[in-house]
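Dock chain to chain to rebuild the complex, using the hints, since each chain is given by itself in its own frame.
The chain contents come next:
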Amino acid sequence: MQTMEAIISFFVFMVFTSYLLMQLEDYNGMDDSLYRYQLANDAWRVLYLQGAFKDVDSISDIDSYVAELSDVTGFCIYVSGQQGTSTRGIQGRSCGDEALAKVSHVLIAGGNPEQVTLSLYPSS
Amino acid sequence: MSKGRYKGLVSYDGMFSLIPILLLTVFLLNSMQYMLYNSIEKVKEQEKFNMLVVIADYVVKNAGAYTESDGIYPNLMDQSKLSSNILGQQLGGEYKMTDLFIGLESESSIPNDERTCIYRIVAKHPNREVDKLFVCG
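Just so you know, the protein sequences line up as chains A and B, in that order.
Each residue of the first sequence is one higher than the last, beginning at 1 in our numbering.
Each residue of the second sequence is one higher than the last, beginning at 1 in our numbering.
If we strip away everything but chain B, and leave its shape as in the complex, we get (with noise of 0.2 angstroms):
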């Protein structure tokens, strides 16, 4: 038998293995892409999150809590100082949050929508109720 007739053959296998080889390239291709979205969105994610949490970490400790001369009183919410989400208006243009939302749950109606919200147990000032400041942005 001449080498022409095999070649034919080798041809046609190689020609019908690179449909397969194509489409599993291609399918690689799609989840690299899919994977590469979802941890940018996850990352996005997290890092909204962690400023939420240190959001609401320094209104417990510091910008929300009840002050006297002698200090600060950490998790002792000063109302006042919350009141109609000033809170949430100031450090939103600080920390680039648009629609940042802080008060306390008793106190003013918690967001229903997209954003993501935690809240921080805490004590009302002065008869140190037990309540809950949602931080949601």
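Pulled out of the complex, with its shape left as it was, chain A reads as follows (with noise of 0.2 angstroms):
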């Protein structure tokens, strides 16, 4: 009786190891949340260097620039503004459903300060 216990208890304790070290390896510890940071900063930075933000009325003046950032980089990205204004870079192409990164920044757009934010969607 207690072997067969043993047997047992042994099967399970198998089952259950196996089914952690399944998880252990699916778990990518990799932290990567500063880089994707650094990523959608520099994407906000290139745009500023290219002079996107030079006497902008509205957000949809920036198009051709994030839409040329997207072709380089094959990011989607994605520059959307409070008053619903909002451009994405890559036209024609499937964007994944979970941002990498946001970023923030106070733009000038019409004379006014206002605050949009840069997202970086990987493409699929």
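To be clear, the hints were calculated from the coordinates, so they are not data collected in a lab.
Given the structure is predicted, the values throughout are model-derived calculations rather than measurements.
Honestly, I wouldn't trust all of these hints.
[Stated by the list, open to error] Calculated pairs, DSS-like style, for lysine-lysine (alpha carbon to alpha carbon, straight line, at most 27 angstroms):
1. Lys48/B to Lys96/B
2. Lys132/B to Lys61/B
3. Lys61/B to Lys102/A
4. Lys54/A to Lys96/B
5. Lys132/B to Lys102/A
Dropping the structure here:
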């Protein structure tokens, strides 16, 4: 009877440990949150360096810059403002559902400061 | 029934119980060892990745950035500073990372081996074209 109990316990333990090990394999412990945040800030900085924010009346004025940046980097770049105006960089390409990173900045649009958010999505 | 007849049965049962217990112990030790090595590998990978992120940030904001008399332009890359992997050799020695590669995607061939690579989005000086700065190590 004790032998049977030991064998059953052993198999239960084996199944449980295998499950734990599989979970461990699936879990990607790499923390790249800082890197993703840096990438989003890079995108914003490069747009600035290219002069995308000069004499902007509305966020749609930077459409072409965002599209070019999206093409080169391969990311789906999305810039949205408080007033509902927005632009998505890559046309006709499917983007991931979850943003890699988001950064908020103040943009002078039409002479008024506006809080805008740049979001970086993976293209799928 | 005397006590002596039971004693033998208990011993056999104990002996057979011992086998799964030993197997269980061996399996447990192996699993622990696997988990330990796995976590060590993960930590090493994370350390390497963090180091690459730090180096890339330093290059983007300082070492490889275009400078003028009035200051440094982060994310605006000075191509002369990045040619021939000069920075890679220089910083690789400082950070004790052999085979460190630092270069722009458009200017150099990105290593296609087992090295870990990350990239940053940059603009090139003087035409301000969008490019990727790769750091591999």
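Between the alpha carbons of Lys61/B and Lys102/A, is the straight-line distance 27 angstroms or under? holds, 20 angstroms
For a C-alpha distance cap of 27 angstroms, please report whether Lys48/B and Lys96/B respect it. holds, 11 angstroms
Take the C-alpha atoms of Lys132/B and Lys61/B, compute the straight-line distance between them, and say whether it is at most 27 angstroms. holds, 14 angstroms
Quickly compare the C-alpha distance for Lys54/A and Lys96/B to 27 angstroms and report which way the hint goes. Not OK: Lys54/A and Lys96/B at ~43 angstroms, beyond 27 angstroms, violated.
Is the hinted pair Lys132/B and Lys102/A satisfied, with a Cα-Cα distance of at most 27 angstroms? Holds, because 19 angstroms separates the two Cα atoms, which is no more than 27 angstroms.
Going down the numbered hints, you'll see the structure goes against just number 4.
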